[in-house]
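Based on the hints, put chain D in the right spot on chain B.
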Amino acid sequence: MIELIDVTKSYGPKVAVQNLTLTVPPGELFAFLGPNGAGKTTTIKLVCGLLFPTAGTVRVGGFDVVTHGDRARALVSYVPDQPFLYEKLTGREFLQFIADLYGMDPGRARDRLATVIQQFHLHEFVDDLTERYSHGMRQRTVFASALLHEPKLLIADEPTVGLDPKSVRELKILLRDLARTGVTVFLSTHTLDIAQELADRIGILDRGRLLGCGTLADLRKQAASDGNLEDLFLKITEAP
Amino acid sequence: MTDSPATDQAAVFRRLRVRLLRNALQSLGTNGRVKLATLCGTSLLAAGFVFGIARYGFQELFRYNVPLKGLIVGGLFDLLFFTLGGMLVISTGIILYASLFTSPEARFLLTTPARADRVFATKFQAAVGFSSWAFVVLGVPILVAYGSVAGVPGYYYLLLPAYLLGFVLLPGSVSSLAALLLVRFLPRNRKQALLLLGAVAALLAGAWGVRLVLSLRQTARAADKEAVAGLIGQFALAQSSLVPSHWMTNGLMAAARNDLPAALVPLALLWSNGLALFTLAAWGAKRVYRTGFDRATDGGRGKKTFRHSPLDRVMSALVFYLDRPTRVLVLKDFRTFRRDPTQWVLLAIFGGMVLIGGLQLRNISQSDLATLEKYAVSLANVGATSVLLCAVLSRFVFPLISLEGRKFWILGLVPISRNQILRGKFAFAATLSVVLAEGLILISDLLLELPAVVVLVHAVTLLAVAVGLSGLNVGLGAYMPNFRETDPSKIVVGFGGTVNMMIGLCYLVLVVGISAGPLHAAAVAAKYQTGQLSVEGSALPLWAFAGVPVALALAAVATVIPLRAGGRALRAVEF
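These protein sequence lines are chains B and D, in that order. My numbering numbers the first residue of the first sequence as 2 and each following residue consecutively. My numbering numbers the first residue of the second sequence as 162 and each following residue consecutively.
Next up, chain B with everything else stripped away, as it sits in the complex (with noise of 0.2 Å):
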């Protein structure tokens, strides 16, 4: 689903993601961890189609995103680390907007924002206007804009920060259930704990580059230890 193949990103002087070459499959659930400034957000958003690489390839569903940038996000969703509402609007009347902008048949929309209703709790509060929501409010409903029309990936950066404990294991159920139905969830994350328990396979990057990625095992022998993923973690970005 995600091919990113040898792929480099600079900020004029500064090199944010260094020939990074990463395959994630569909279906999987993939971590991202990395120190602050180790590129994870510039890899999001290369894969989001928002920025273009200095050097490389990205691909989304085989589509390349500079040359089929419109193919490539129909299939993607991405819930950013500060997400955006448009404040005076309602809950439903932003799903409603996502729902046309992303030419859902009106049937199809009416039945699916009714699920996303339901799924993430939003009946409370979907008629208010956005400006009037909590943090935890906002993210809910940001997920349910994002999962209703069912894309094929879901990318989010930072999801959990902000939520009450509830709230992180109903989103840590809705993410395990979504990738067994075949969609690709790319996730990054400082939450250690998140990742040990839901990915497929994690992602180290630091300064750029790609340290390790693999199985919890796969980095287990990386790094010669049998800790857990915070050892492993700070073994393989504090070597020299």
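Calculated from the structure, these hints are not laboratory results. Check each hint, because a few of them may be wrong.
To be verified - Taking lysine to aspartate or glutamate and the EDC-like style, the derived pairs with C-alpha atoms no more than 16 Å apart in a straight line are: (1) B/K153 to B/D178; (2) B/K222 to D/D278; (3) D/K447 to D/D420; (4) B/K173 to B/D201; (5) B/K89 to B/E29; (6) D/K447 to B/D71; (7) B/K153 to B/E4; (8) B/K89 to D/D473; (9) B/K15 to B/D201.
On a predicted model such as this, the values are computed, not experimentally measured, just so you know.
Just chain D now, kept in the frame of chain B:
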């Protein structure tokens, strides 16, 4: 399963805009009736004020049957539309740049299947709407005033909205194309390149202004056809048949003459060119917007170390009378100001233009400027400096509280009251504006070799203007904050910013008229009664100074009332 994105995105975004507008109006109607009434009231007041002044001017022109009055009105309209068009290019460009390349909404939309040209069109309409607000409030009353005096046919008024809408398309399209191309193709140090372009444009405008003043002076002396033609000749650029502002003038003047075919041709020119340019801009957006966004994200990230500056110590010394915590707040605002070149460069350009004007007038006074004209010129300097202050404070000080926005909790947690925060912002604004205004007026008055008493009255007048405008901008900025907007240019041209600008303009006209007006009237009266111009101390009647204490009282009112209202509003806000 994702459907095909081949949907009617124009209809999708149209529905979005309608919903946003409807909800915003409903929200304003239920939660902000006082605010809505204030906004509408001040807009009407400003429009009424402009209408009154314009109608008076046109009536005088028609009553005395001034030679070539049609040419003069045409020249004035050319100048009005040319200037407003230029301002629209700049304001729409700035708003559109922020909307397209730095806003969270743009980041969100670009990750969806929304087409680049559709996102551009949506942001274009919003930017033109924002920036044209003042154009409508200022332009329509002048055109209606002309219609009411010149006895125009009814369709003149019906055509006005069509002309105005057609006209705003052109500067909007030009600036959007420029913004897209500059972001996409300029080298990495584009900020410096843009500032350089802006400075060159401002200097050219300043040189043109000086030529205009010289021509006006000649016209006032000669008052014959050649001089009028000379004056009109200064507007040659604005009168070129290739300039859209001239199409506006031609069309409206033809409508006023009841020549419908001649009125419709320029209208068609405006719309066809506007739509063609907009289509070109949208086509450009389709090709370069996404790559431009990519460049805007990665451009010019050189590592820079910020250190203390001697200017910080000067600022700290200027507000020595404040307690330490408030002084620290003032320094924070000052550092933010001086580290943002888009803020201080504009101020430097405008200040430089006033000084260049002063130096040119010095040359004139050394040659043949009559004494009476020195007074007229010095009064114009007071007016220009006041307008400069009004523009600068509205642009930079009014949004200060709004920009604290969601990070207000930082200030909310420090051990100082919210009133102190307001006092700090007021001290920052008042100190800088007093230094700027007094410096400019002292230099220009001394260059004109005016007597000390005139310089003193001008200095007190500008003190009242600077302090009062600072109080108004800080107070109203806190009373009508927009914590959701992060783009200062949008805050300035929004409802609150427009109301603030209108009140500020009315205030400065009132203060300058009351404080400096009588002195200059007394000078003119002395000239015609005695044949000599004598304003040295006791030679002037007492009433010539009667307005000065009134102006100071007005400054106190303009400071205290808005700051109290703003303080109350700020204390009531929960973050």
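Evaluation of the provided hints:
Proposed proximity of B/K153 and B/D178 is supported: the alpha carbons are some 13 Å apart, at most 16 Å. A C-alpha spacing of about 50 Å is found between B/K222 and D/D278, which places the hinted pair above 16 Å, so the restraint is violated. Proximity of D/K447 to D/D420 is assessed by CA-CA distance (about 41 Å); at most 16 Å being required, the pair is judged violated. This hinted pair checks out: B/K173 and B/D201 have alpha carbons roughly 13 Å apart, not beyond 16 Å.
Among the hinted pairs, B/K89 with B/E29 is inconsistent with the structure: their alpha-carbon atoms are about 36 Å apart, more than 16 Å. Restraint check for D/K447 and B/D71: satisfied, since their Cα atoms lie roughly 12 Å apart, inside the 16 Å limit. Restraint check for B/K153 and B/E4: satisfied, since their Cα atoms lie roughly 14 Å apart, inside the 16 Å limit. Distance check on the hinted pair: B/K89 and D/D473 sit about 41 Å apart at the alpha-carbon level, beyond 16 Å; violated.
Between B/K15 and B/D201 the CA atoms are separated by roughly 32 Å; this puts the pair beyond 16 Å, and the hint is violated.
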